[in-house]
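Taken in order, these protein sequences are the chains called A and B. Each residue of the first sequence is one higher than the one before, starting from 2 at the first, in the numbering used here. Each residue of the second sequence is one higher than the one before, starting from 57 at the first, in the numbering used here.
Treat the hints with caution; some may be incorrect.
[Claimed, not checked] Straight-line Cα separation of at most 25 angstroms, PhoX-like style, residue types lysine-lysine; simulated pairs:
| no. | chain 1 | residue 1 | chain 2 | residue 2 |
| --- | --- | --- | --- | --- |
| 1 | B | K135 | A | K394 |
| 2 | B | K68 | B | K78 |
| 3 | B | K193 | A | K20 |
| 4 | B | K175 | A | K17 |
| 5 | A | K19 | B | K193 |
| 6 | A | K276 | A | K242 |
| 7 | B | K135 | A | K310 |
| 8 | A | K9 | B | K196 |
| 9 | A | K9 | B | K135 |
| 10 | B | K177 | B | K196 |
| 11 | B | K215 | B | K59 |
| 12 | B | K68 | A | K395 |
| 13 | A | K323 | B | K59 |
[To be verified] The calculated label-pair distances, taken between Cβ atoms and stated as ranges, are:
| no. | chain 1 | residue 1 | chain 2 | residue 2 | range |
| --- | --- | --- | --- | --- | --- |
| 14 | A | I370 | B | N113 | 45 to 55 angstroms |
| 15 | B | N265 | A | K310 | 25 to 35 angstroms |
| 16 | A | K310 | B | E246 | 29 to 39 angstroms |
| 17 | B | G97 | A | K310 | 18 to 28 angstroms |
| 18 | A | K310 | B | G248 | 28 to 38 angstroms |
By construction, these hints were calculated from the structure, which means they are not laboratory data. From the three backbone atoms N, C-alpha and C, an ideal C-beta is built for every residue, glycine too.
Letter by letter, the chains look like this.
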Amino acid sequence: MNPIVFFKGAWNALLKNKKRSFLTMIGIIIGIAAVSTIMSIGRGFEKYVLESLNPDEGELLTVDIQFKSDDPDWMYETNNELFSDMDLQTVRFLPGVHNVERSGINLDFTTLETIIDRKEKQVSITMIEDKGRKILVGRQIDFMDNKKKSRVTVVPLTLIKEQYSSEEAIGKGISLGGQLYTIVGVYESELDESGIFGGFMSDEVEIPLNSYLRYHDQGNTENQISITVERGFLPSKVADKSVLLLEEEGSMKTRGSYEYFDMSALDDGLSKVLKGITLFIASVAGISLFIAGIGVMNMMYISVSERTKEIGIRRALGATQKSIRAQFVLEGVLMTSIGGVLGYLFGLLFSAIATSLLPFSTEIDLLTILISLGVSSAVGLIFSYAPANAASKKEIIEIL
Amino acid sequence: MIKLDNVGKAYKVDNQWVPVLKDVDLEVKQGDFLAIMGPSGSGKSTLLNLIGFIDRNYSGNYFLEGDKVTLKGDVDLSKLRNQRVGFVFQHFNLIETLTIQENVELPLLYNGWNNRQTKDKVTELLEKLGIGDKGSKYPKQLSGGQQQRAAIARAIINKPDFILADEPTGALDSQTSADIMNVFKRLNEEDGVTIILVTHDSSTVDYCNRVVIMQDGILTEEAR
Ligand SMILES: Nc1ncnc2c1ncn2[C@@H]1O[C@H](COP(=O)(O)OP(=O)(O)O)[C@@H](O)[C@H]1O
Ligand SMILES: [Mg+2]
Numbered sequence: 002m003n004p005i006v007f008f009k010g011a012w013n014a015l016l017k018n019k020k021r022s023f024l025t026m027i028g029i030i031i032g033i034a035a036v037s038t039i040m041s042i043g044r045g046f047e048k049y050v051l052e053s054l055n056p057d058e059g060e061l062l063t064v065d066i067q068f069k070s071d072d073p074d075w076m077y078e079t080n081n082e083l084f085s086d087m088d089l090q091t092v093r094f095l096p097g098v099h100n101v102e103r104s105g106i107n108l109d110f111t112t113l114e115t116i117i118d119r120k121e122k123q124v125s126i127t128m129i130e131d132k133g134r135k136i137l138v139g140r141q142i143d144f145m146d147n148k149k150k151s152r153v154t155v156v157p158l159t160l161i162k163e164q165y166s167s168e169e170a171i172g173k174g175i176s177l178g179g180q181l182y183t184i185v186g187v188y189e190s191e192l193d194e195s196g197i198f199g200g201f202m203s204d205e206v207e208i209p210l211n212s213y214l215r216y217h218d219q220g221n222t223e224n225q226i227s228i229t230v231e232r233g234f235l236p237s238k239v240a241d242k243s244v245l246l247l248e249e250e251g252s253m254k255t256r257g258s259y260e261y262f263d264m265s266a267l268d269d270g271l272s273k274v275l276k277g278i279t280l281f282i283a284s285v286a287g288i289s290l291f292i293a294g295i296g297v298m299n300m301m302y303i304s305v306s307e308r309t310k311e312i313g314i315r316r317a318l319g320a321t322q323k324s325i326r327a328q329f330v331l332e333g334v335l336m337t338s339i340g341g342v343l344g345y346l347f348g349l350l351f352s353a354i355a356t357s358l359l360p361f362s363t364e365i366d367l368l369t370i371l372i373s374l375g376v377s378s379a380v381g382l383i384f385s386y387a388p389a390n391a392a393s394k395k396e397i398i399e400i401l
Numbered sequence: 057m058i059k060l061d062n063v064g065k066a067y068k069v070d071n072q073w074v075p076v077l078k079d080v081d082l083e084v085k086q087g088d089f090l091a092i093m094g095p096s097g098s099g100k101s102t103l104l105n106l107i108g109f110i111d112r113n114y115s116g117n118y119f120l121e122g123d124k125v126t127l128k129g130d131v132d133l134s135k136l137r138n139q140r141v142g143f144v145f146q147h148f149n150l151i152e153t154l155t156i157q158e159n160v161e162l163p164l165l166y167n168g169w170n171n172r173q174t175k176d177k178v179t180e181l182l183e184k185l186g187i188g189d190k191g192s193k194y195p196k197q198l199s200g201g202q203q204q205r206a207a208i209a210r211a212i213i214n215k216p217d218f219i220l221a222d223e224p225t226g227a228l229d230s231q232t233s234a235d236i237m238n239v240f241k242r243l244n245e246e247d248g249v250t251i252i253l254v255t256h257d258s259s260t261v262d263y264c265n266r267v268v269i270m271q272d273g274i275l276t277e278e279a280r
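Same shape as in the complex, but just chain A:
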């Protein structure tokens, strides 16, 4: 049977029962109105965040994704790359990703714990790869120290002067982050004359970079990638997608998990309230769509039993079981999708009212329309299938 003919038949059948069809539709209308309201508000809010976060000019935003191993010991020892080139490629081709690169942990501002005079204290650490700073007594740290990963350190005079003179200090041990280091040099810290740093930043303790990586760092390879996000995309969304993708396909997916830190302040008050409202409306929508579905099913069963004679006649005239089933399913789907359209329109109205109280606006968007139509016709399909199938299975001979 020609699809247009099918469609026309279903339409006429609904019109024959206007009142009943409309009553059955009400649940769908409420459910879809709720769905499209939350979607519209959600989309409006997202757009608002995006615009305030990601303006038209200026630097692109970046977001970091970190790999965390389930087994820290393995992380110490492995020389495997935690993010392979393949991983970078995969992430690179996600929508919204402008660029991806590996980035290690930030070594610029690292502190370690030390014990001076039986008192615990945090000191800033400077990593030396090649040659350390000028010293007062002893020797500088050099690249051989770095290469051998030796536990040697150059300390500022201010740190030790309570205990030793600078000469006495050479060759003494000092605990840094639980490891014993030998003091090989002492330097005189320039006074922090401005006073801005309050004397904190200037007391830097030097150790070789590789010693740090060997004895203190969790991972000795880069455990982080940095994604530059294209304009018009939400960093948190791009990061979410990347994490999901890596968890599916990442080279280390069996070894641990990927995570990111959302810096974009989405967790402020407004978004929390919105999340609460969303959850509430979503449950209203879910429940009303389910009940509406049962209503559709009920109506279709009644319709089938009222029209038993018609089914028999149609079968005698050449309708296959399949086309009888299709006829009733189409009636159900047509009814619920009309409900979906009406519901979407109501949703548009509600979200306009709601956002008049909020600092952003909503607009007509395709995704909301598609979801409204999709969900409503899916409800029709699911809940009218059983009655339609029952109709198609009737024996003609029993009917006529």
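We have chain A; now place chain B with the ligands onto it with these hints.
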């Protein structure tokens, strides 16, 4: 054209099989106008439904032009019902919620036509059957005779090879009955349509060229 070979059928009533058709052999040729007569409850309708591909649960064999119908599935049988046979029932069996036009075009629609293509053809046929002005009316708005004409229009619109009519005049007065029988006669003589007619009104038998008698599920040919 139609050949029934040792066909039997039984209904299960109160856990007992009650035979309705017993060893029925029947051959119908192209152009036959066959009357099946017999008392009520003797199995005439059962036989007709079987011939019309509506009933699938029977024993024995049914050949349509040498083709074994017995083995066919739903899609094939539906196609046969749609294209090879037209049904006319005692109580017309028009769909109440559709207009005459919509009722008559149904077999065409199930044959793949669309609504625009059917319009002229339906109107023409309704005219030929003398109810050309009733297309947009609903069945309830027509007299019995007019409804039966509409049902005949629906039965023949796909140009079937044969028409199965189950007491088509049973609900009509004698004048209207005669009109309807004349319609059948014309179809048979002018268009060569094979007609199988169930009746227990002996006056309608005069229109036929063959008569078989059904008695308690046993079919016998009446010599003429
Ligand atoms: N669905 C059914 N279940 C049980 N018995 C049936 C059924 N349909 C018909 N019968 C029986 O089959 C016999 C033949 O019926 P039918 O073919 O309608 O007779 P006719 O058309 O000759 O009056 C009758 O006795 C009737 O009671
Ligand atoms: Mg009968």
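Going down the list of hints, with the structure as the test:
no., hint, result
1, B:K135 to A:K394, "17 angstroms, holds"
2, B:K68 to B:K78, "15 angstroms, holds"
3, B:K193 to A:K20, "23 angstroms, holds"
4, B:K175 to A:K17, "22 angstroms, holds"
5, A:K19 to B:K193, "20 angstroms, holds"
6, A:K276 to A:K242, "20 angstroms, holds"
7, B:K135 to A:K310, "20 angstroms, holds"
8, A:K9 to B:K196, "22 angstroms, holds"
9, A:K9 to B:K135, "22 angstroms, holds"
10, B:K177 to B:K196, "23 angstroms, holds"
11, B:K215 to B:K59, "21 angstroms, holds"
12, B:K68 to A:K395, "18 angstroms, holds"
13, A:K323 to B:K59, "29 angstroms, violated"
14, A:I370 to B:N113: 45 to 55 angstroms, "50 angstroms, holds"
15, B:N265 to A:K310: 25 to 35 angstroms, "34 angstroms, holds"
16, A:K310 to B:E246: 29 to 39 angstroms, "33 angstroms, holds"
17, B:G97 to A:K310: 18 to 28 angstroms, "22 angstroms, holds"
18, A:K310 to B:G248: 28 to 38 angstroms, "32 angstroms, holds"
Hint 13 from the earlier list is the only one contradicted by this structure; the remaining hints agree with it.
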